[in-house]
Amino acid sequence: MSEIPILSILIFIPVVGIFFMLLIRNNDDQSSQNLKHTALWITFLNFIISLSLLFSFDLNNPDFQFVEKYAWIESGISYHLGIDGVSILFVILTTMLVPICILASYESIKFSVKEYLISFLALETFMIGVFCSLDLVLFYLFFEGGLIPMFLIIGIWGGERRVYSTFKFFLYTLAGSVFMLLAIIYIFISTGTTDVETLLVYNFTANEQLILWIAFFTSFMVKIPMWPFHTWLPDAHVEAPTAGSVILAGVLLKMAGYGFIRFSIGFFPDASEFFAPFIFSLSVIAIIVTSLIALVQEDMKKLIAYSSVAHMGFVTLGIFTFTVQGIEGGIIQMISHGIVSAALFLCVGVVYDRLHTREIARYGGLVSKMPFYSFSFMIFILASLGLPGTSGFVGEFLVLLSIFTVNTYFAIFATTGVVLAATYSLWLYRRIIFGALIKDDLSEMFDLTRREIIIFLPLIILTIFIGLYPKPIINIIEPSTEKIVNQIKMKLD
Amino acid sequence: MQSLVYILPEIFLFIVATVLLVTGLFLKNIKLINSLAIFSLLVTVILILNQPFQSAFLNSFVVDELSLVLKIMILIGSIASLIMFVSSKDDLNINIYEFPILIIFSTIGMMVMVSANDLLAMFIGLELQSLSLYVLAALNRNSLLSSEAGIKYFILGALSSGLLLFGISYIYGFSGNTNFNLIAVNINPESLGLIIGIVFVLAGLAFKVSAVPFHMWTPDVYQGAPTPITGFFALAPKIAAMGLLVRFLFNSFGEIYIDWQQIIFFISIASMMLAAFAAIAQSNLKRLMAYSSIGHIGYALIGVACFTDEGLRSLLIYLMIYLIMNIAVFAFLLSLKRNDGYFENISDLSGMHKNHPLRTMLIALIMFSLAGIPPLAGFFGKFYIFVAAIESEMLFLAIIGVIASVISAFYYLRIVKIMYFDEPKEEFDGSSIKSLNLLYYPSSILIIIFFIYPSPVINISEYAIQSII
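If you read the sequences in order, they're chains A and B.
Residue 422 in my numbering sits at position 422 of the first sequence; the count goes up by one each step and never skips.
Residue 463 in my numbering sits at position 463 of the second sequence; the count goes up by one each step and never skips.
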């Protein structure tokens, strides 16, 4: 199996798909339907191939697997791919969410279908590339390249204020990332390589670490996003089409979390330790403040967007404890959030497609008209607030456990976030689903279609499966996480 | 006599231009003359490739790796603008057979510029180039804007040539030589007169590359001149002047680089920042491209300011990518045509992806590339520039560079926004763009796939700089 460049195949299948799409004409409903089918099958094929990673993945090996390395730009900057326990799940999350996104866009995208699907395929290439690349320049290429399709997705198929939102999204993230580029160049010049494997065992001096850490942090902080640089996220989410929100919440935010684990703490442990209290403070502020903001939102998507910021606060809390539990918790929280928040945005999309409004007050009493919908929505809401037995619980629990061993105060504050999460989530659910069905236009609402059930079913199964039996997931993550933590400890000593 | 062999390509082009000039009087077939001009430029490429490396005329004219690469880039730019000319001459009302001939004359001037190793050779090349460009800018004599552009360019250009000549006289006076290498040998680092000379020469050259604060002419001339000529302005003369600047500074004043480095440092920062802000307010595409090219020159100057081989290499990589991107952009500008003429306003692009999906997609990618977003070619240009800057410990330049590139991303994105997000207008004509596709598709595809295999460009630039270092 190792001879087949499976990661490159994963990355470039969508590109091949783009060529196919360019050849298909797009002038009537029939052909745009064909385009959607083609894109769906291409991405589904990619998903199947990515599942084969799971089977041939060596659970006991903490190192990078499926490694590919070719000379690329010049010595020191190579085309180097590989995944370990930390990244494999993100790759599969990506390949799983993209077909779901395309399926979710079957009805809602009415014009420029070809460009839309091409943007999504390009985005998939970039996202998989981010999680697979073991070279900083390659990583940056994929990390930033994703901005182009996302800019178009929000800008063309978005809501009313789409232009403002997409510019804000693009310029915010670009401004954050360019400093990472300078840091990467600095690393390249001072070490002569941008190879991640080499750099993970390289020791930067303390001063270098501080500066470089800040440069990487600026980029990831904006992307993940952390308070106070989160304001682009609600705007982008609200204006993006449903599938755009799904990908944004499901995968794009995770690229930054992944970056924290792989680069920030991997390369610069001293600086990370130095800045850990700072990160904890920002995370706790994010958890509490954005939860409170979420409480007063009147737009469903905005509420979920703010809750994303809070959830990502748990991720950063966990990562910067430098404990196996904490980092594992962070990863599981990201995976779970990738599934759950994606599903919540899909839930919003379902009612939005029917009523064309996201205003919470316009809904109420949907349970009598849409029982299946109410059921799936409930599962995701409960997972989002971290109910035991759902995927949300596992990550949050591990994070809180680890932060408790490091600092009790932060743990106490973070726990209040869990309570707040329950408040805004349940209140959202109550206002939309329960109550009497008194609004006239709601009487026309119909329950999930077969297509929508197909979308939700795998997400529901995964949410509950991870919640009840997280062992397989932890088995995958654990060896690599232990290796990371050991490496940090070794470097710190 | 032996020396004449070394300027064979220039002589060949000169003969061709003269013959064409005479033929044109009797033969009214502009298309044929243009094709012959393109053909002879291609022949020149072959001649240049087969030239031995040597210096001629008492070392005042050198043929080396750098001049070879730059000359080929210049010729590509000239050929591209001739192709643009033939596709648009009828509609732009510039059915004038002198166009290809003036381009050839100007190309000869530029070829002399990049080979010049002597203050006088440099001045001759520069003037030959500039005089042809003044005429070209005013070529559309029925258009007020074009005449204004020509006059403006001429007056300011003459002024800058005056400054340059003044600087040359100072340098000659205080070093006793006009040859770059001899100046370097006899240099007196303490001499204030020499510094004054350098400052004046740099001012003149900054005018030619349109770097801030000598950029004032650029937007007006870009806007006023017929588009194929604007394309030519953006492509070849910038490259030639950059090559000349490098040879002038590196060959003769390498020893006192501290003195001129700060000048380049300043004009580089000023160009990047001013262009980034000024371009935001533009509504005319050609004016916008003028500011964009000012900004790009700012980045390229970082490579000069570094005064390292890394910097020189990044400069050449940048110029090559700049050339490809600008060919694509100007070919695109010329395809914006409806029945009643060309469109230059940004708002005219609105919603064009509805009617021209493929073309719009490519131009959007070119805009992202100009903004320096990976994985497109423009990113690699900036990447190498920043590598060079950080390597020579000019972190400040690099930081300003990335900030300016974020700001300038805004106006490139605005074009994408208008093309994709706004309501569509009338369709553009597709008839005249057959020959433009020859420029448009190859260049945009090169930009997109550059990241897969960037080594050729890097190898070429490494090859080019070996003669300087």
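Calculated directly from the structure, the hints in this document are not laboratory data.
Treat the hints with caution; some may be incorrect.
Below, simulated BS3-like cross-link-like pairs (lysine-lysine); rule was C-alpha separation at most 30 Å, straight line [stated by the list, open to error]:
no. : chain 1 : residue 1 : chain 2 : residue 2
1   : A       : Lys168    : A       : Lys69
2   : B       : Lys89     : A       : Lys110
3   : B       : Lys152    : A       : Lys168
4   : A       : Lys36     : B       : Lys152
5   : A       : Lys110    : B       : Lys152
Away from chain B, derived, C-beta distances all over 10 Å, residues of chain A [to be verified]:
no. : residue
6   : Asn26
7   : Ser112
8   : Gly145
9   : Ile189
10  : Val289
11  : Leu401
12  : Leu426
13  : Ser443
By construction, the Cβ of each residue, glycine as well, lies at the ideal position given by its N, Cα and C atoms.
Right, here's what the structure says about each hint:
{"no.": "1", "hint": "A:Lys168 with A:Lys69", "verdict": "violated (36 Å)"}
{"no.": "2", "hint": "B:Lys89 with A:Lys110", "verdict": "violated (41 Å)"}
{"no.": "3", "hint": "B:Lys152 with A:Lys168", "verdict": "violated (39 Å)"}
{"no.": "4", "hint": "A:Lys36 with B:Lys152", "verdict": "violated (55 Å)"}
{"no.": "5", "hint": "A:Lys110 with B:Lys152", "verdict": "violated (51 Å)"}
{"no.": "6", "hint": "Asn26", "verdict": "violated (8 Å)"}
{"no.": "7", "hint": "Ser112", "verdict": "violated (7 Å)"}
{"no.": "8", "hint": "Gly145", "verdict": "violated (5 Å)"}
{"no.": "9", "hint": "Ile189", "verdict": "violated (5 Å)"}
{"no.": "10", "hint": "Val289", "verdict": "holds (27 Å)"}
{"no.": "11", "hint": "Leu401", "verdict": "holds (39 Å)"}
{"no.": "12", "hint": "Leu426", "verdict": "holds (38 Å)"}
{"no.": "13", "hint": "Ser443", "verdict": "holds (35 Å)"}
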